[in-house]
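Undergrad: The residues making up each chain are set out below.
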Amino acid sequence: MQLQQMYQEIILDHYKNPHGRGLRDPFDAESFQVNPTCGDEVTLRVHLVGDLVKDVSYDGQGCSISQASTSVLTDLVVGKPVGEAFEKMDAFVELMQGRGKVEPDEDVLEDGIAFAGVAKYPARVKCALLGWMAFKDAVARSQGAA
Amino acid sequence: MTTTAAPLDVAALRADFPILSRTVRDGKRLVYLDSGATSQRPTQVMDAERAFLEQHNAAVHRGAHQLAEEATDAYEGARQRIAEFVGASFGELVFTKNATEGFNLVAYAMGNAATSGPESSRFVLNPGDEIVVTEMEHHANLVPWQQVAQRTGAVLKWFRLGQDGRLDLSDVDSVITPRTKVVAFTHQSNVTGVINPVDVLVAAAQKVGALTVLDACQSVPHSTVDFHALGVDFAAFSGHKMLGPSGIGVLYGRRELLEALPPFITGGSMIELVKMEGSTFAPPPQRFEAGSPMTSQAVGLGAAVDYLSIVGMERVHAHEHALTVAALEGLRAVPGVRLLGPQDAVDRGGAVPFEIEGVHPHDAGQVLDSLGIAVRVGHHCAWPLHRCLNAQSSVRASFYLYNTLDEVDALVDGVREAQKFFGVA
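Protein chains in written order, with the UniProt record's numbering: chain D, 1 to 146; chain B, 1 to 425.
The set of hints was computed from the structure by calculation and includes no laboratory data. Treat the hints with caution; some may be incorrect.
Claimed, not checked - Here are the simulated DSS-like cross-link-like pairs (lysine-lysine), alpha carbons at most 25 Å apart as the crow flies:
#1 D/88 <-> D/101
#2 D/126 <-> D/136
#3 B/420 <-> D/16
#4 B/275 <-> D/120
Owing to the predicted nature of the structure, the values given are computational and were not obtained by experimental measurement.
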């Protein structure tokens, strides 16, 4: 059934038990992103120590896809150098914009590969990228401020 | 509304809409409950467009050849029939690309009034003048007014939503004051289907000499609407929500107002005399139809109006009322479902917005889609209204003449399915 392809168990698990949720201190920059078509929103903070993503914390209102992908994001980037975090982001964006034709690399994206099915639904791609756009923006802000 | 007319033969009607017999998502029967966003088109409308293009296509209001004459007749003939359908006169209807453009036309033309001739002085917005809207508006009848207020220094005020999801008009005389220049409001909410008391608002506006601008996008397709009887000054609606084509909307304006209103979009077709130093403008409606207009779309909308007239708007409204009652009852019986806005079907069109506890509207819409059920999810271009309803977003089912009680049942079953899928049932 198509629905299960999209809503993989991994996604539903992250939705029901999100990782890293809640806004925390300290942080260097915060980004607020909203999906104007549905009103979903996320506020995301990053804390960098040198080149390392020390913490990502977030809060938001949104569908299972947007909430789960932000949860997966924290797993993927916390503790990683910014460069590597951005490589993962690029891989995730490529996967999401691939209309279901991109084969994801589990070594890079870990739980993120579960979103391969979401990429077949163009209307939901923005949901999956909401947290990532906030992460990109927050890192840019913190680096700009440094 | 009560009617003595025979009920619709929905099965026969549905045969006119080829798209309704297709399947979606791996062979699921399509259950189309999103007519509030856009309606489907009967073959009669598509045939009319095709016949126009095959036999009469030419640029209208220019050229002296036979096709130009026939195309112009078809275009203006459609205007005439649409005018009759909404209780207006021929010269009071302006074709726009959509209803949104209609609202912008009025707002921008008013913004232009200060630098136009003395005949348009009644439209001038000065700093401190007031523009009144409501919390229930679609963004199309809100943002243009915010913008013209910003440009002119006018003050934006609004009627609030009451606890019951209807407009709170208890303070009508303190919201609409002698400073009020415009009262812009929706006839029927695109989210909750609430039908507003046009008479109360028109009376209050007339008392202080303010202009009324009615959003008729959700009323004209679904009920008998007579702009002269309503007494509004301007109104806008769109073709694609009433079985017609997209790319065409209609602005109604009382003749004497359109005569005095300065233009919005300028260029070819809308002029009277052009010299290098300046130009004068054609009388309405041409003054507001700059450039080559849409033609087959106007013909298609004319055919849509013919179709609706044959079916009968009272019957359409009664049919949708029955569907709305059934949907409210069916959804209310599902634990965990919260109906947004009024809980009853009194003074209400065929739109039912709701939330499902523990299932985000986007996710609910996805489950419904997997069952072949097309609904709208999100804030439906009415973000402030959703804030009033304490909802971040919603699922909206909206009905039209071709929907059935079986489809309402499918919606309710689909909602239970969504609850099961997300483990909240």
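Undergrad: Each hint should be assessed against the structure and marked as holding or not.
TA: Outcome of the hint check:
Our distance criterion of 25 Å between C-alpha atoms is met by residue 88 of chain D and residue 101 of chain D, whose separation comes to about 18 Å. Using a Cα cut-off of 25 Å, the hinted pair residue 126 of chain D and residue 136 of chain D holds, with the two alpha carbons roughly 14 Å apart. Of the pairs offered as hints, the one joining residue 420 of chain B and residue 16 of chain D holds, with about 15 Å between alpha carbons and a cut-off of 25 Å not exceeded. Annotation: proposed proximity of residue 275 of chain B to residue 120 of chain D is violated, straight-line Cα distance about 56 Å (limit 25 Å).
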